[in-house]
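> Which chain is which? The protein sequence lines are A and B, in order. At position 52 of the first sequence the residue is numbered 52 (our numbering), and the sequence of numbers has no breaks. At position 245 of the second sequence the residue is numbered 245 (our numbering), and the sequence of numbers has no breaks.
Keep in mind that the hints were calculated from the coordinates and are not lab data.
Taking beta-carbon pairs under 7 Å as the criterion, some of the chain A residues facing chain B (in silico):
id : residue
1  : 87
2  : 88
3  : 89
4  : 90
5  : 91
6  : 93
7  : 94
8  : 107
9  : 109
10 : 125
11 : 126
12 : 128
13 : 129
14 : 130
Not the full set, but computed from the structure, chain B residues with beta-carbon under 8 Å of chain A:
id : residue
15 : 52
16 : 54
17 : 112
18 : 187
19 : 188
20 : 195
21 : 197
22 : 274
23 : 284
24 : 338
25 : 339
26 : 349
27 : 351
28 : 352
29 : 353
Bear in mind that the values here come from a model prediction, so they are computed numbers and not experimental data. Just so you know, even glycine gets a beta-carbon here, dropped at the ideal spot from N, CA and C.
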Amino acid sequence: MTITKKIVLTFPQSLVDKPIVFHLIKDYNLVFNILRASITPKEEGLMVIEISGKEDDFKKGADYLKKQGVNVQPLKKDVKWVGKKCIQCGACIPICPTNALKIDRDSMKISFDEEKCIACELCVRPCPARAFEVRLY
Amino acid sequence: MTKQIRTIEEINEKIRQGKAVVVTAEELIGLVEKDGIEKAARKVDVVTTGTFGPMCSSGLLFNVGHTKPKMKIQKAWLNGVEAYAGLAAVDLFIGATQIPDEDPANKVFPGEFKYGGGHVIHDLVSGKDVRLDAVSYGTNCYPRKKLSTWLNIKDINEAFLFNPRNAYQNYNVAVNAGDKTIYTYLGVLQPKFGNANYCSAGQMSPLLKDPFYKNIGLGTKIFLGGGIGHVVGAGTQHSPDSPRTPKGTPKRGSGTLCVTGDLKQMDPRWLVGVSMLGYGTSLAVGIGVPIPVLSAETVKWASVRDEEIFAPVVDYSDDYPNARPDILGEVSYKELKSGKIKLGRKEIPTGSLSGYSKAVEIANILKNWIKSGKFTLNAPAEKIGGPESGIKFKLLNERPVKNGDR
Numbered sequence: 001m002t003i004t005k006k007i008v009l010t011f012p013q014s015l016v017d018k019p020i021v022f023h024l025i026k027d028y029n030l031v032f033n034i035l036r037a038s039i040t041p042k043e044e045g046l047m048v049i050e051i052s053g054k055e056d057d058f059k060k061g062a063d064y065l066k067k068q069g070v071n072v073q074p075l076k077k078d079v080k081w082v083g084k085k086c087i088q089c090g091a092c093i094p095i096c097p098t099n100a101l102k103i104d105r106d107s108m109k110i111s112f113d114e115e116k117c118i119a120c121e122l123c124v125r126p127c128p129a130r131a132f133e134v135r136l137y
Numbered sequence: 001m002t003k004q005i006r007t008i009e010e011i012n013e014k015i016r017q018g019k020a021v022v023v024t025a026e027e028l029i030g031l032v033e034k035d036g037i038e039k040a041a042r043k044v045d046v047v048t049t050g051t052f053g054p055m056c057s058s059g060l061l062f063n064v065g066h067t068k069p070k071m072k073i074q075k076a077w078l079n080g081v082e083a084y085a086g087l088a089a090v091d092l093f094i095g096a097t098q099i100p101d102e103d104p105a106n107k108v109f110p111g112e113f114k115y116g117g118g119h120v121i122h123d124l125v126s127g128k129d130v131r132l133d134a135v136s137y138g139t140n141c142y143p144r145k146k147l148s149t150w151l152n153i154k155d156i157n158e159a160f161l162f163n164p165r166n167a168y169q170n171y172n173v174a175v176n177a178g179d180k181t182i183y184t185y186l187g188v189l190q191p192k193f194g195n196a197n198y199c200s201a202g203q204m205s206p207l208l209k210d211p212f213y214k215n216i217g218l219g220t221k222i223f224l225g226g227g228i229g230h231v232v233g234a235g236t237q238h239s240p241d242s243p244r245t246p247k248g249t250p251k252r253g254s255g256t257l258c259v260t261g262d263l264k265q266m267d268p269r270w271l272v273g274v275s276m277l278g279y280g281t282s283l284a285v286g287i288g289v290p291i292p293v294l295s296a297e298t299v300k301w302a303s304v305r306d307e308e309i310f311a312p313v314v315d316y317s318d319d320y321p322n323a324r325p326d327i328l329g330e331v332s333y334k335e336l337k338s339g340k341i342k343l344g345r346k347e348i349p350t351g352s353l354s355g356y357s358k359a360v361e362i363a364n365i366l367k368n369w370i371k372s373g374k375f376t377l378n379a380p381a382e383k384i385g386g387p388e389s390g391i392k393f394k395l396l397n398e399r400p401v402k403n404g405d406r
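So that you can see chain A by itself, here it is in the shape it has in the complex (with noise of 0.2 Å):
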């Protein structure tokens, strides 16, 4: 059966310049999109990939990315609320979807339940003190 990820990679600073992604393709058979990749200099490379192959190879794939020293990991998506930045205004409210943003009623308190949260986003532009950052990873 032929499955598609999205999926996250780190590389340590040391594997930053093995062909890795190569290995992947020839002994894996695995087909790859790349959706977002960074390597910083002395630090480590970030690489968001689609990853379409038999979910055997996928398996066996991650296994030998792993043993290399590669982080694997889902794409996931994240909005996180920035407490400090948050001006307690309550513009969100109206917006937020899920009441993954609360506001207490009596003393008018915003809060956020990070699991509550979907991260559809849409609390993000409109907030006036850009409380909110989105992280990939």
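Given chain A, work out where chain B should sit, using these hints.
Same frame as chain A, but now just chain B:
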């Protein structure tokens, strides 16, 4: 009811002795519910109020000091945001809504407006270095023509926050009756009455607690941007003649304040640059005004509750941009703060641009300043015009210039 029960001098004497009884506007409401107006008035010396929200008519007047050789600055930019330079050689004014010359604005709609004058003011008060670029034409006495330098608040001579219109007495509740999302200074408004956004601290808001401006005017000492500031007088667009409830609370925008203060003693927590999607930038300003309890009437006004304060619901898709005075209804701040309002048979979720919990925090900070003896009260040197003043808010009397007019 109007009998004077104490003077400001008596209150200040108690403040100096650390004996003044100070409560926030919220606490006063509870006290009046328990003890009644007369008794509360005898007990309390000062009521503190507060508000924290985007206030576009805000800016900074500052003097950067002379360069060597001297320069008569003609045009200036701070972090790319233009400051007005049509004053003496090195006096500048930067407004909260000014955006960088190269900002794409609304070319890709809705524009993000990530940085503007409000953010520059926040960066300065935060102690961050800000880049100043300036140009001029050169004179005999001011020969220099170009300048690029880093600037820090601690190095500049004077820095006065000068806000021509702050602390609106009341404000519109914005809705969108149209069928497309609109982007306004009151936030993103979803089509077909998808949400209703308001911007007032309601029962904490300074001018809603002193509806006839009895204790506020030129020289009144206030909490401004986390430091101490003063009221200059009525702000621009001050319009005290709006309809009022039987207790005197205005049911429309109404009164405004012009305020000023030394930025160097202010706090970045209470002066925050904001970005309104599709609209522009602004500055969230924290203001707190102390109200001396001179009579029972002061308490009657200052104890007005959210359910007694009403705001007009205005359609920002059509009526507002076309300057029609129509309103769709009136709702109380109690309803607005509950999370939904009813308009006809429709229930609309509400959002706020003004931080109520921050307003309470400001009132508490001011209360502690007064209780600790570091902040005394003063009577205004000149009062603000009330409904009897005849002051009216006018639209521009447009007289189009014809070809050939000179």
